[in-house]
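Protein chains: 2
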Amino acid sequence: MRTVSKDTITQSFLDYVVEETDERLKFILEKLAHHLHDFVRETDLTHDEWRKGLELLYSAGEISTPERNEFVLFSDVLGLSSLVDMVNSPEDGTPSSVLGPFHVLGAPDVPVGGDLKGENEGPAVVVGGRVLTTGGDPIEGAQLEIWQTADNGLYSGQDEKQPEYNLRARMTTGADGRYLFSTVRPAPYTVPEDGPVGELLRATGRHPWRPSHLHFIVTASGQRSLVTEVFPSDDPYLDEDAVFGVREKLVMEYQERSSTEGISDDLAIKSDLPDKFYVVDFDFILSSV
Amino acid sequence: MRTVSKDTITQSFLDYVVEETDERLKFILEKLAHHLHDFVRETDLTHDEWRKGLELLYSAGEISTPERNEFVLFSDVLGLSSLVDMVNSPEDGTPSSVLGPFHVLGAPDVPVGGDLKGENEGPAVVVGGRVLTTGGDPIEGAQLEIWQTADNGLYSGQDEKQPEYNLRARMTTGADGRYLFSTVRPAPYTVPEDGPVGELLRATGRHPWRPSHLHFIVTASGQRSLVTEVFPSDDPYLDEDAVFGVREKLVMEYQERSSTEGISDDLAIKSDLPDKFYVVDFDFILSSV
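Listed in order, the protein sequences are those of chains A and B.
Just so you know, we're using this note's numbering here: the first sequence kicks off at 10 and counts up by one.
Just so you know, we're using this note's numbering here: the second sequence kicks off at 10 and counts up by one.
If we strip away everything but chain A, and leave its shape as in the complex, we get (with noise of 0.2 Å):
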């Protein structure tokens, strides 16, 4: 190790990495050092930069909190958690894309046909499909849980102003593998600008804004499971998400409607939809595990 050199400093690294090390870590160390070191070599790193990206993880550190997680932002705006979706991503089903950080668990169950609208302000979307297997056979049981914001832009639990679970279900589908519910439009919004990563987009020249989207996570029994986002085709952000999420298979039309006809009666709402309202139609395909 004293003749350590730049050439030689990447063997050096794995050399420490005792035999008995699990070989699916070694692997994932070894692609990491090397891809870092030649990262150091092939830029000439100088040790301002190298202190100035240290001091980026700092400050990102600093700011993040359990619920507000800067080193996910950083792996979000940088592509990496869209190319991890990608990777894990079967061919034969509908794709992943990002489960951002605005989750929760514990939302109520609604039944199919079921209202998310309530108070909302905002145009009214009736959503609907069905949960598939990749041989197109309904899934029956297929659990959905779905979040999106309000028509501010901001979802439960970054509004005080929203109650609790607003705009947050959990949805069961029947023998038919349907679901449906009446909700308002997603707005697009801005991922947080206030920390590293804001620095990092306005270095580079890039906005902040996600298009507009509905968060799904879908899981049935004997398939894997699917965490995803669907957008719609008139958001003018879809060309430009700043964390890479869009998927051409993840892209639905908002049909303009004015009569319920074709509505299936299942949706409570029904009778109570304004003059004017949104359809989506969008099935999931889920890949067996």
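There may be inaccurate statements among the hints.
Since the list can't tell identical chains apart, any single copy or any two copies may satisfy a pair.
Here are the simulated DSS-like cross-link-like pairs (lysine-lysine), alpha carbons at most 25 Å apart as the crow flies [as the list claims (entries may be wrong)]:
{"no.": "1", "residue 1": "K40", "residue 2": "K61"}
{"no.": "2", "residue 1": "K40", "residue 2": "K15"}
{"no.": "3", "residue 1": "K61", "residue 2": "K285"}
{"no.": "4", "residue 1": "K126", "residue 2": "K15"}
{"no.": "5", "residue 1": "K15", "residue 2": "K35"}
{"no.": "6", "residue 1": "K126", "residue 2": "K285"}
{"no.": "7", "residue 1": "K61", "residue 2": "K126"}
{"no.": "8", "residue 1": "K61", "residue 2": "K35"}
{"no.": "9", "residue 1": "K258", "residue 2": "K35"}
{"no.": "10", "residue 1": "K15", "residue 2": "K258"}
{"no.": "11", "residue 1": "K15", "residue 2": "K285"}
{"no.": "12", "residue 1": "K258", "residue 2": "K170"}
{"no.": "13", "residue 1": "K126", "residue 2": "K170"}
{"no.": "14", "residue 1": "K35", "residue 2": "K279"}
No lab work stands behind these hints: they were computed from the structure.
Once you have looked at the hints, place chain B on chain A.
Okay, now just chain B, sitting in the frame of chain A:
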């Protein structure tokens, strides 16, 4: 962006960086994105592994303070700090080595030949040498900052029992470029193991020891500043420094002596040296700016 895929996401990330962005930042981000994305693609990183990585960063943030920075420590044990030192080290001078977290400003001025030993226990050492240009000319007025552990492996600042600035000094060379002081042998010590870095070391069977060393920052007008450490040739951890700081050219001999013959009369405590002591002779070569 709705067509983002695992093969196109790196380009999508780069496309977000606006043209007016600082060229060097653009280059660094390009390399960073390539290497981080390749790391995820080549490992097919799972969500659990991704979460584990983020957890390590989050707990690094939790345990870090301005005095104990776990991100620096991660950089150290991954070999990044040493690599940054090496890519920035001129070929023709004394190599640099890690600054470490124990440097403090404001250490007292000690004249050439002064004593740092004071009331400290441990084997006595006389450390001396010259500060030279790459052409071999002595540098007058070069300033050395010197710091080291006590015999218990702790630095003043870490150890309440040590007086402020214990075993720390600033020294300025005269016309002959010489520095000289008496002290005690520093001791090997461990990097902190109570945080996520300790977890990583244990998972890979690595020990946390650093070989004993003397720290120096050497500066002189018209020369490149040098941050370095020198290590005794007989230290048991010389070939397995946890932070990759050792270089062949930074190894010095601790020569055992029982006579003060040949010791410069400049040394204030020359007549008070114990029966057995060590002598270290080490020259610093500063590259020009």
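*List of violated hint numbers, smallest to largest*: Per hint list: 3, 4, 7, 9, 11, 12 and 14 violated.
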